[in-house]
Amino acid sequence: MNPAVQGLLTIVVGVGGCIGYFYLSNLVLDKVLFPPHGPNAGRNINRANAIRPWVFLAPALFGLGLYLAYPVIETIRLSITDQAAGGAFVGLDNYAQMSGDPKFWEALRNNVLWLLVVPAASTFFGLLAAQLTDRIRWGNFAKSLIFMPMAISFVGAAVIFKLVYDARPLDQEQIGILNAVYLALGGNEPQTWLTIPFWNNFFLMAVLVWIQTGFAMVILSAALRGIPEETVEAAIVDGANPFQVFFRIKVPQITGTIVVVWTTITIVVLKVFDIVFAMTNGQWETQVLANYMYDKLFRANDWGVGSAAAMIIMLMVTPILVWNVYNARKEMR
Amino acid sequence: MDNIAGTKSRLTWAVNISVVFLVLLWVLPTVGLLVSSFRTTEQIRSSGWWAALFPAEINQTLRAADPDDNRTADGAGRYTVEGNLFVAGGHVPDAEQVSATIRSWGTSSRAIDAYRPGETADLGDGETMTVRSNGDYSWSGNGDQISGRGQRVFVTAETPPDLTFDNYRKVLFEPGNREGMTKAFFNTLTVTIPATIIPILFAAFAAYALAWMDFPGRAILVAGVVALLVVPLQLALIPLLKLHNEIGIGKGYLGVWLAHTGFGLPLAIYLLRNYMVGLPREIIENARVDGASDFQIFVRIVLPLSFPALASFAIFQFLWTWNDLLVAMVFLIDSSGQTTVMTRQIVELLGTRGGDWEILATSAFVSIAVPLMLFFTMQRYLVRGLLAGSVK
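First to last, the protein sequences are chains A and B. Under UniProt numbering, think of the first position of the first sequence as 1, with each following residue one higher. Under UniProt numbering, think of the first position of the second sequence as 1, with each following residue one higher.
Think of the hints as simulated: they come from the structure by calculation, not from any bench. Just so you know, not all the hints are guaranteed correct.
Capping the alpha-carbon separation at 20 Å, the derived lysine to aspartate or glutamate pairs in EDC-like fashion look like this [claimed, not checked]:
1. A:Lys250 x A:Asp238
2. B:Lys170 x B:Glu42
3. B:Lys170 x B:Glu348
4. A:Lys250 x A:Glu230
5. A:Lys330 x B:Asp214
6. A:Lys250 x A:Glu233
7. B:Lys183 x B:Asp166
8. B:Lys251 x A:Asp295
9. B:Lys242 x A:Asp82
10. A:Lys271 x A:Glu285
11. B:Lys170 x B:Asp356
12. A:Lys250 x A:Glu229
13. B:Lys183 x B:Asp334
14. B:Lys242 x A:Asp238
15. A:Lys271 x A:Glu106
16. B:Lys242 x A:Glu74
17. B:Lys242 x A:Asp295
18. A:Lys103 x A:Asp93
Computed footprint of chain B on chain A; a stretch qualifies when at least three of its residues, placed anywhere within it, have a C-beta under 8 Å from a C-beta of chain B [to be verified]:
19. 64-76
20. 147-160
21. 166-175
22. 188-202
23. 217-227
24. 285-299
In this text, a Cβ means the ideal position worked out from N, Cα and C, and glycines have one as well.
Next up, chain A with everything else stripped away, as it sits in the complex (with noise of 0.2 Å):
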């Protein structure tokens, strides 16, 4: 069957479904099986009441459950067993296997690297760029056109700095705008940036901080509008300069956003994937988890470790995790 005909006929299954479920399901709950008339009427109206949440969150439940909640339960299953030992009990095995990888720890190192620094520049570019943009007349263009890599695939971004990145010997015309302005800065030879250890980490985070600094910005924009105005007015009425302004007034004051900014990265930067992948596939020692584990997986077919390099990284996501639950169920009281 033509795939655009097989996507129509889902969309139209998928949809008419999901309205004839809702649909019937709500009439077989008032008609059927609890008819709000005759002698137990009062008690039927109660129960189908009782009722009707979970039918209107069976699917969405369904899809929760089968796509996340059990696949977490069973990723730990996996990892602590030995698919070609016909899924035998193996206990830390596959962590100890794990641990005696350098590649791995070259990845643990890479990530922590990207967890302290991308979170923080996109942050600090993002409240640059809001506080900058909020004082001037054009302030919405230069918005929309810093927020843009928002919209663009983690791939497209690669190859856009692939280009950026791209050196040629020095007696040709380079092409890569980083190694035409650094020789024009007095470099002596054009740089293949990508292939540089430790260094090169930091180009391809560079990729990450151009994508989420519109996230950032946009958010922090926000919050910066909704600082009181009498504060402000009240620092240079004292005489604050505006840098003053800034930092003591306005940024304490926005640290909530900061911190729900930073995480939100945070979580982003852990999952971190296509760009590696596309751009150096972990070669020149800038492997990261995410990568790590996908090579164990489909290259190595080794699901006991990429089952561990998984858990990892929901391991340095559980603190993130708890502690939205915790703010969210406060909110909720």
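For this one, chain A is given, so just place chain B on it according to the hints.
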């Protein structure tokens, strides 16, 4: 508001310049790729993309047409060859299409800018050469001089920015091009549309239940959704691939649609619930008092009022599924390569065509163009969704 104390304009310039700098820093990488996608292989190899924005001055060595075939005699022993240097050099099919303008020229490699266009060079013993700015030349002399090989001419010509759609024609409309993007484009579209529409309905009903229906366990479910929001989808790859293989879906569109639906649900439920909670209580309670059932309230009141949140989520999900590489690689793309999506195709090209920037840039731009269009037309909803999704 920072300027009430009259400190205006001292900083304004500094701010404006900083913003210009920041914007350039953020936009130039993309512009570079866009410009490159309109240049020929030759141009990309010989100069940086920024050179394409200005007229380029290049030195060329051209040659007059073969005199033995083209010369005309005036009957008095003088022969003349006339024509166009660029045509003779095979650069353009005819003189009408010459876009370069010759600034100076010469007939010796030691003095390549000896003459201006329109001047006549004396090559000795009565042999002369005239070259006009568009490359038209007239070369005359006696029978011995006007024979053998055509006269060499060194020209310094200025060519206007020259952009071409050829790359796009090649990447999109060349039938049978295995590296083309047409198939991948439609595959991506096939993945994206159902994967965007289906989770919305699932999530909308669930969000309504979590926002406006009272039942035991509601708070725990909301907390659960918040928790699942950050679960890395890397964890889901192996277990679900196994599951899909066991129940017979295998790798294919159905699998990738289901996966995207599952992965998109937490954000959808979270966004929609946050929005629905904020709807005015009176409307919903009045409807209840008037005897509307929950189903009616949802379909007739809550769903239409939630349009902005639905739009926000739809944009997020569209961007995410369109730009996705990992989920497609794991759940969709099999060894036949028939179902490859654009992101995958680009990664493939990065491997096999690493240096061919005209192909890479064009392919990447084909894939980027749709999200960018969506971004610029629907930015309002995107911003609103971001604000609802992360500020607590």
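Each hint tested on the structure:
| no. | hint | in the structure |
| --- | --- | --- |
| 1 | A:Lys250 x A:Asp238 | 15 Å, holds |
| 2 | B:Lys170 x B:Glu42 | 16 Å, holds |
| 3 | B:Lys170 x B:Glu348 | 17 Å, holds |
| 4 | A:Lys250 x A:Glu230 | 12 Å, holds |
| 5 | A:Lys330 x B:Asp214 | 18 Å, holds |
| 6 | A:Lys250 x A:Glu233 | 11 Å, holds |
| 7 | B:Lys183 x B:Asp166 | 19 Å, holds |
| 8 | B:Lys251 x A:Asp295 | 19 Å, holds |
| 9 | B:Lys242 x A:Asp82 | 15 Å, holds |
| 10 | A:Lys271 x A:Glu285 | 18 Å, holds |
| 11 | B:Lys170 x B:Asp356 | 13 Å, holds |
| 12 | A:Lys250 x A:Glu229 | 10 Å, holds |
| 13 | B:Lys183 x B:Asp334 | 15 Å, holds |
| 14 | B:Lys242 x A:Asp238 | 66 Å, violated |
| 15 | A:Lys271 x A:Glu106 | 16 Å, holds |
| 16 | B:Lys242 x A:Glu74 | 10 Å, holds |
| 17 | B:Lys242 x A:Asp295 | 17 Å, holds |
| 18 | A:Lys103 x A:Asp93 | 17 Å, holds |
| 19 | 64-76 | holds (count 10) |
| 20 | 147-160 | holds (count 13) |
| 21 | 166-175 | holds (count 4) |
| 22 | 188-202 | violated (count 0) |
| 23 | 217-227 | holds (count 4) |
| 24 | 285-299 | holds (count 5) |
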